[in-house]
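Chains G and F, in that order, give the protein sequences. FYI, the working numbering numbers position 180 of the first sequence as 180, with every residue one higher than the one before it. FYI, the working numbering numbers position 19 of the second sequence as 19, with every residue one higher than the one before it.
Check before you lean on any hint, since a few could be wrong.
To be verified - Straight-line Cα separation of at most 20 Å, SDA-like style, residue types lysine to any residue; simulated pairs:
{"no.": "1", "chain 1": "F", "residue 1": "K4", "chain 2": "G", "residue 2": "E86"}
{"no.": "2", "chain 1": "F", "residue 1": "K152", "chain 2": "G", "residue 2": "K135"}
{"no.": "3", "chain 1": "F", "residue 1": "K32", "chain 2": "G", "residue 2": "D139"}
{"no.": "4", "chain 1": "G", "residue 1": "K120", "chain 2": "G", "residue 2": "F146"}
{"no.": "5", "chain 1": "F", "residue 1": "K152", "chain 2": "G", "residue 2": "Q101"}
{"no.": "6", "chain 1": "F", "residue 1": "K152", "chain 2": "G", "residue 2": "S102"}
{"no.": "7", "chain 1": "F", "residue 1": "K32", "chain 2": "G", "residue 2": "E96"}
{"no.": "8", "chain 1": "F", "residue 1": "K152", "chain 2": "G", "residue 2": "M98"}
{"no.": "9", "chain 1": "G", "residue 1": "K135", "chain 2": "F", "residue 2": "K32"}
Since the hints were derived computationally from the structure, they do not count as laboratory data.
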Amino acid sequence: MSDYKAVVIGGSAGSFAVVLKMLANLKPTFDLPIIICMHRLKHIRSGLVESLNVKSSKEVIEPYDKQRIEKGLIYLAPSNYHMFIEFDGTISLSTEDMNNQSRPSIDYTLSSAADAYRDKCIGIILTGANKDGAKGLKDISDKGGFTIVQDPKTADVPTMPKAALEVMKPNLILSPEQITDYLNKL
Amino acid sequence: MDAKEFLVQMKSRTGYDFCDYSSLSITRRLEKICEENGATYEQLLSKLVADKVLLAKVVEDITVNTTELFRDPEVWISLYKTMYQRLPASGPITFWHIGCSVGLETYSSLILLKEVGVLDRVRAFGTDLNPRVINVAKLGRYAYKFNSHFIKNFDEVMKNIGSSSKFEDYFDIDEKADTITVKPFLSAVPKFMQQNLVQDKVPFPYKVDVVFVRNVLIYFNDALQAKVMQMINTKMYDEGMLVLGKQELIPNRYSGQYKQLGFYHKRM
Ligand SMILES: C[S@@+](CC[C@H](N)C(=O)[O-])C[C@H]1O[C@@H](n2cnc3c(N)ncnc32)[C@H](O)[C@@H]1O
Chain G
1 MSDYKAVVIG GSAGSFAVVL KMLANLKPTF DLPIIICMHR LKHIRSGLVE
51 SLNVKSSKEV IEPYDKQRIE KGLIYLAPSN YHMFIEFDGT ISLSTEDMNN
101 QSRPSIDYTL SSAADAYRDK CIGIILTGAN KDGAKGLKDI SDKGGFTIVQ
151 DPKTADVPTM PKAALEVMKP NLILSPEQIT DYLNKL
Chain F
1 MDAKEFLVQM KSRTGYDFCD YSSLSITRRL EKICEENGAT YEQLLSKLVA
51 DKVLLAKVVE DITVNTTELF RDPEVWISLY KTMYQRLPAS GPITFWHIGC
101 SVGLETYSSL ILLKEVGVLD RVRAFGTDLN PRVINVAKLG RYAYKFNSHF
151 IKNFDEVMKN IGSSSKFEDY FDIDEKADTI TVKPFLSAVP KFMQQNLVQD
201 KVPFPYKVDV VFVRNVLIYF NDALQAKVMQ MINTKMYDEG MLVLGKQELI
251 PNRYSGQYKQ LGFYHKRM
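Construct the complete structure from the given sequences, taking the supplied hints into account.
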């Protein structure tokens with residue numbers, strides 16, 4: 001596989017179904033860690049990781065603070081915590097104030113991934129009703145990472161991909177199916 | 001000057017010692033503070049030394065005091081069904097909430113103790129380094145607006161533990177004054193005290209049955225985590241129980257001394 005170290009994905013409204021399908025269609029040999037930060041509806045606190053696990057051939061976990069990032073695993077930001085990627089290859093969590101009305105904040109996860117992985121990171125922004133994530137994706141792009149934005153035409157709620165496109169130019173603008181194909185060909 | 005040097009200087013010039021906070025995450029918060037104040041580390045340091053109000057604000061930003069009533073309701077529901085049913089059957093039961101912030105975690109626990117029917121045997125202590133949050137905790141008074149999730153969390157917990165208690169059984173709501181106040185029968189129970197884990201001894205003499213240290217150790221490095229675990233172990237009865245934040249594990253060196261039972265850890 002390529003010399004990328006991780007795939008980092010952000011999304012909010014509508015992104016759960018997209019992620020579910022992506023994980024289900026990812027080839028079993030895909031072994032980059034996938035780090036996902038999704039906003040959750042306040043009333044669905046739990047159950048997300050369970051439903052993702054049913055569909056995914058890989059294990060999906062909500063990491064503990066300072067947990068090491070390993071190949072072949074999928075990390076989902078736990079509800080009510082910000083999730084950061086650290087230089088030493090671990091995840092750190094924080095209960096700091098909301099950012100863009102969100103905890104977890106996609107900007108925080110993506111920006112920290114940009115710092116930690118620089119050009120060895122693939123950043124993806126999916127459908128969502130909020131501008132959180134735009135700055136983080138720009139940071140990944142600025143550090144030389146590879147960036148993909150879900151084509152707003154294919155998004156349930158195009159606000160988030162549009163916000164990203166307003167502040168940066170991604171390498172690719174793709175439909176969810178094309179994103180999965182792209183990852184499978186890495 | 002980098003973040004590390006800033007912290008060393010801050011310690012010697014203000015007395016606040018954050019040198020053993022998890023370095024990556026504290027650096028991130030310090031950079032944000034510098035950005036917000038349009039200052040370099042050097043400039044921030046001289047401002048801090050001169051300006052007490054700014055110092056207090058920066059200490060708050062560094063130490064992160066976010067909290068809620070029944071934060072992560074699923075945790076409290078589970079604790080009610082497990083840990084709260086396994087408390088000592090007679091005599092006083094002592095609780096210690098470390099990093100208690102404005103007291104909402106302590107009051108959440110006291111509500112469950114009332115529901116279990118043992119409140120009259122409970123001694124509860126809440127400690128935090130920040131004098132402002134300690135004063136709010138003592139008052140037990142919070143803004144009503146912006147905190148509607150308190151009531152939602154409360155109702156979710158009560159429903160799931162099969163209780164018919166109402167929010168108004170424990171709190172007085174004053175919409176005009178925009179306040180929620182813990183009822184006196186409950187706010188009279190806990191003692192809130194200032195304690196900085198980095199340098200202060202535990203400020204009360206009793207051994208404890210249950211320790212809450214939620215979302216506090218995540219901000220510390222290994223050395224300071226170990227120091228706090230040592231402090232807890234010294235204070236806790238052999239059969240004691242420990243509650244960490246939802247996404248925290250017992251620090252490595254101490255994990256052999258506790259057994260995880262759902263959302264709490266029993267000392268072995
Ligand atoms: C994120 S809050 C957790 C509040 C509560 N335990 C909860 O989980 O809802 C962290 C608290 O730890 C306190 N804290 C941070 N450093 C501390 C120290 N050195 N000594 C004592 N308390 C500290 C902060 O003031 C803050 O109130």
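How the hints compare with the structure:
1. Annotation: proposed proximity of F/K4 to G/E86 holds, straight-line Cα distance about 17 Å (limit 20 Å).
2. Distance restraint check for F/K152 and G/K135: the Cα-Cα separation of roughly 32 Å exceeds the 20 Å cut-off, and the hinted pair is therefore not satisfied.
3. Of the supplied pair hints, the one linking F/K32 and G/D139 holds, its CA atoms being roughly 16 Å apart against a limit of 20 Å.
4. Of the pairs offered as hints, the one joining G/K120 and G/F146 holds, with about 8 Å between alpha carbons and a cut-off of 20 Å not exceeded.
5. At roughly 18 Å between alpha-carbon atoms, F/K152 and G/Q101 fall within 20 Å of each other, so this suggested pair holds.
6. About 18 Å separates the Cα atoms of F/K152 and G/S102, which keeps this hinted pair within 20 Å; it holds.
7. Using a Cα cut-off of 20 Å, the hinted pair F/K32 and G/E96 holds, with the two alpha carbons roughly 12 Å apart.
8. Taken as a hint, the F/K152 and G/M98 pair is honoured in the structure, with Cα atoms around 19 Å apart against an allowance of 20 Å.
9. With a CA separation close to 15 Å, the supplied pair G/K135 and F/K32 stays within the 20 Å bound.
Violated hints amount to a single one, hint 2; each of the other numbered hints is respected by the structure.
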